[in-house]
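Let the sequences and hints guide you as you build the complete structure.
Chains A and B, in that order, are what the protein sequence lines are. Residue 130 in our numbering sits at position 130 of the first sequence; the count goes up by one each step and never skips. Residue 242 in our numbering sits at position 242 of the second sequence; the count goes up by one each step and never skips.
Do not take every clue at face value.
[Stated by the list, open to error] Restraint ranges, calculated between C-beta atoms of paired labels, are given here:
no., chain 1, residue 1, chain 2, residue 2, range
1, A, T82, B, E331, 47 to 55 Å
2, A, E139, B, P456, 39 to 47 Å
3, A, R41, B, A371, 41 to 49 Å
4, A, E224, B, G260, 38 to 46 Å
5, A, E240, B, P314, 37 to 45 Å
6, B, A256, A, E156, 54 to 62 Å
[Said to hold, decoys possible] Derived BS3-like pairs (lysine-lysine); straight-line CA-CA distance at most 30 Å:
no., chain 1, residue 1, chain 2, residue 2
7, B, K364, A, K174
8, A, K214, B, K364
9, A, K119, B, K330
10, A, K218, B, K364
11, A, K174, A, K119
12, B, K108, A, K218
13, B, K330, A, K214
14, A, K174, A, K214
15, A, K174, A, K218
[Unchecked claim] To give an idea of the interface, some chain A residues facing chain B are shown, with a C-beta separation under 8 Å as derived from the structure:
no., residue
16, G74
17, R171
18, F173
19, P203
20, T205
21, L207
22, V210
23, H211
24, K214
What the hints contain is simulated information worked out from the structure, not anything from laboratory work. Only a predicted model underlies this, so the values are computations on that prediction, with no experimental measurement involved. A virtual CB, placed ideally from N, CA and C, is assigned to each residue, including glycine.
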Amino acid sequence: MLLATLPTQAGPEAAMRQAQLLLVEDEAAIAEEIRADLDSRGYAVTCAPDGHTALDLARTRRFDALIVDRMLPGVDGLTVITTVREENIAVPVLVLSALNAVDEKVRGLKAGGDDYLTKPFALDELAARVEALLRRPVETRETVLRVGPLELDLIERSANRDGREIELLPREFKLLEYLMRRPNQVVTRAMLLEDVWHYRFVPQTNLVDVHIGKLRRKVDAAGEPPLIHSVRGAGFLLGEGGG
Amino acid sequence: MLTREIFSTGTFRFSAIASALSGLTTLLLFAFIYVDTAGFETSRLVRLVQNESATLAEAPAADLPRVVQQRYAADLHRATFGAVFDRDGRPLAGDMPGLPPDLRRDGKPHWTEVARRTEAGLAREQALVSARPLPGGGTLLVGRSAAELEILRAQVLRALGLGLIPGMALAMLAGALLGRRTLARISALNASIARIMDGHLEERLPARATSADALDRLAASVNRMLDELERLVREIGGVGDDIAHDLRTPLTRLRARLEGGLRRSPDRAALAAVVEAAIGDLDQTFQTITALLRIGEISSAQRRAGFARVELAPILREVADLYQPIAEQKEIAIVIEAAPALETVGDRDLLFEAVANLVDNAIKFAPANSAVRLALRRGEAGPVLSVTDAGPGIPPEEREAALRRFYQADRSRRGQGHGLGLSIVSAILRLHGFRLAMRDAEPGFSVEIVCAEAPPISGTDSNGS
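So this is what it looks like as C-alpha cells:
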C-alpha cells in the first residue's frame, strides 16, 4: 500500500500497487458503471467527461492505462490519443466505440490505441482487456514456455505435462501458446478470435468454446488438477489453482 | 381556363418564337423588294427627266415657252411637268409660280419640293427636278412627280400587312393548339405522379408504345425506374418488418423475464439467475444489431478499393480447420475437394467470412454421421466454391427469400445465431459481383459461390524468372 504513492517503476512493485486508470467517457451513467466495476476489481479509476480534462490529467499525472471513448464532446477521442502519443506519454490505451466498422477499428488503432472494444460490451470483457493491457504478454528469450507442470517448446513445436507428451494440431499449439504467454490472466472469446485466428467477424457458433474444449481434454487428463479454467461470463484462464 | 397555361407551354413558346422569326424574314424580304424596286424606279425617272430636259433644250430658245406649254398641257396625269423662266425667274411657261429656291441650275435631276398650280390652288409635292440654264439667262425646268413611288411604297406595305399579320396569327394559333395538346398530356403525367406520390406505387405514367415521341420515351424510362424503385421499396418494407419482429421477440421475452423475476424471485440468488438470463436476451438482440450493421458495412462500395488477387483453396482449408472441432462434436466429417491454383479478385477476409457462414449453416443443418463437402472447381465463368451438406436444404420456392435478411428455413430451429448468415453471404457476393446458386445435390443440398476469374497475370510477371 505504501508503494502506491511512489512513482511507477518497472518490476515486481508495479504488480503490487493499485493500478491507476483514466477513463474518458462523456456519458455519465456508463462512466459510473465502468468506474464502479473496475473499482471492485481493485483498480483506482479517475474519470474525465471530455477530451480537454482528459489531456490535462494525462499530462499532469501518471496513469497505467487510458480507456478512451471514441466520440467525445469538444476534443474527439482519437485526437486525445494522437496528442498523448505525440507528447510521448507512454501509456497503453484502450479505445471504446459504438462504431463497429472495421475501418473505424483500424483508425482507432492507427491513431495510437493498443486495443479496441465495440459498444455494447460486457464489463468482464472490458476488465479482461484492461488486464491484458497492464500485463503485457510474456516475451521471453527462452524457447520453452512453462506454466506449472506444463511446458511448451517453441522450437520443437512440442508440449508436455510432467513429462507426458501432448500431441497438438497446429491451431491447438497456437492457442496454447497464446494462453501460456498470459498465465493466470482471463482471455475472452473475442480476444482469442482476434488474436489467434485474426478474425474480423463474430461467428454464429460457439467456435472458441469448442476449440478450447478440445485443447483442455488434451492438456488436463483425467485425474490431473485442471490448468485450463472457464471463467463464467468472461472467457478462459490458464494457470494453477484456478481463477 | 387553360389559356394561361397554354401560353406557358414549351410548344407554344416555340411556335411563338418561330412565327416571330418567319415574320422578321418576311419583313426583310419585303424591305429588299421595296428598296430594289424603288431604286430601279428612281433611276428610270432620272433618265426620263434627263432625256426630257435634253430634248427640250434642242428647241430654239424663242420657241421654248410655247413648246413646253404644248407638251405638258395635254398630260392629264400631270406626272411629268416642265416650265420655262426668264432671267429674273418669272414664269414664261408651265404651271409653276416660281423656281424652287434651293435648286441648283446644273441640268442634273435633284429631289426637291415644288409648288404647282392646280384647279384647287397651289399644291406642293416631292418631285425629281432638273434645272437647265438657257442662253440669255433663262431657266428650263423639267420634273417628274414622286407620286408613283409613293404608290409603290403604299402597295408594298399593304401587301406586307395582308400577308404577314394573318400568317403570324396562324402560326400562333397552331402553337397554341399544339401547346394545348402537350399540356393535356403533361396534366395526365402530373396526375399519375401525384397518385404515385400518394403511395400508389403500382401506378405508371401513360406512355404510347407505338409511334412514341420523346415524351413517350421519357415516360417509358421513368416507368422502368419506378419498377426498380417499387421492387426496392417493397423489399425494404419487408426487411423493416423482419427487423422489428426479430428485435421484438427477444425484447418481449426480456421484459416478461424481468417482470416475472421482480414479482416472484424469493431471494437474491433467484433474482441473479433472472438477471443473467436477461443479459443473455440482450446479447442476442445486440448480436442481431451487430449483424445488421455488418451487412450495411459490407455493402458500402468503398471496400472494393481493397480488392486483390485471392487464392481460393487456402480459404477452404482454413475454414475447414476452424470448424473441424465443432463438426467432430456432431460427428460430421468435413471433406475438401479443391482444384489447385484457382484465383479470383476480391477481399480475402470477406470471402473467408462468406465461406465460414455457409459451412456454419451446413454443420448446423446436417444430420449426425454425415459429411459436409467443401469443393472448388473451375466453372465456365470462373472458379466455383461449393458447400454441400446432407441436410434437407431449402425448398426451391423459398430460396430467394432465404437470401433476404432474417430468413431461417425453419424459424423454430433458431437456437444460436441471428439468422442473418445467408444475408451476410449475399451482401458479400453482391459487393464482389459474384453469384450465389442453390441446388439439390441428390442427396443433400449444395450452395455455390460462382466467382469471377482473376485476369491473367500481366507480362512483367510472366517473362521474369
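Right, here's what the structure says about each hint:
1. T82(A) <-> E331(B): 47 to 55 Å: Once the Cβ atoms are compared, 52 Å apart, the range 47 to 55 Å for E331(B) and T82(A) holds.
2. E139(A) <-> P456(B): 39 to 47 Å: 44 Å, holds
3. R41(A) <-> A371(B): 41 to 49 Å: This hint holds: roughly 47 Å between Cβ atoms.
4. E224(A) <-> G260(B): 38 to 46 Å: 43 Å, holds
5. E240(A) <-> P314(B): 37 to 45 Å: Cβ of E240(A) to Cβ of P314(B): about 38 Å, so the range 37 to 45 Å holds.
6. A256(B) <-> E156(A): 54 to 62 Å: 56 Å, holds
7. K364(B) <-> K174(A): With Cα atoms ~26 Å apart, K364(B) and K174(A) stay inside 30 Å; holds.
8. K214(A) <-> K364(B): 19 Å, holds
9. K119(A) <-> K330(B): 33 Å, violated
10. K218(A) <-> K364(B): 26 Å, holds
11. K174(A) <-> K119(A): 28 Å, holds
12. K108(B) <-> K218(A): 136 Å, violated
13. K330(B) <-> K214(A): Holds: K330(B) and K214(A) sit about 13 Å apart, inside 30 Å.
14. K174(A) <-> K214(A): With a Cα-Cα distance of about 13 Å, the restraint between K174(A) and K214(A) holds, given a limit of 30 Å.
15. K174(A) <-> K218(A): 14 Å, holds
16. G74: 27 Å, violated
17. R171: 6 Å, holds
18. F173: 12 Å, violated
19. P203: Since chain B brings a Cβ to about 6 Å from P203(A), closer than 8 Å, the hint holds.
20. T205: 6 Å, holds
21. L207: 6 Å, holds
22. V210: 4 Å, holds
23. H211: 5 Å, holds
24. K214: 5 Å, holds
Checked against the numbered hints given earlier, the structure breaks hints 9, 12, 16, 18 and satisfies all the rest.
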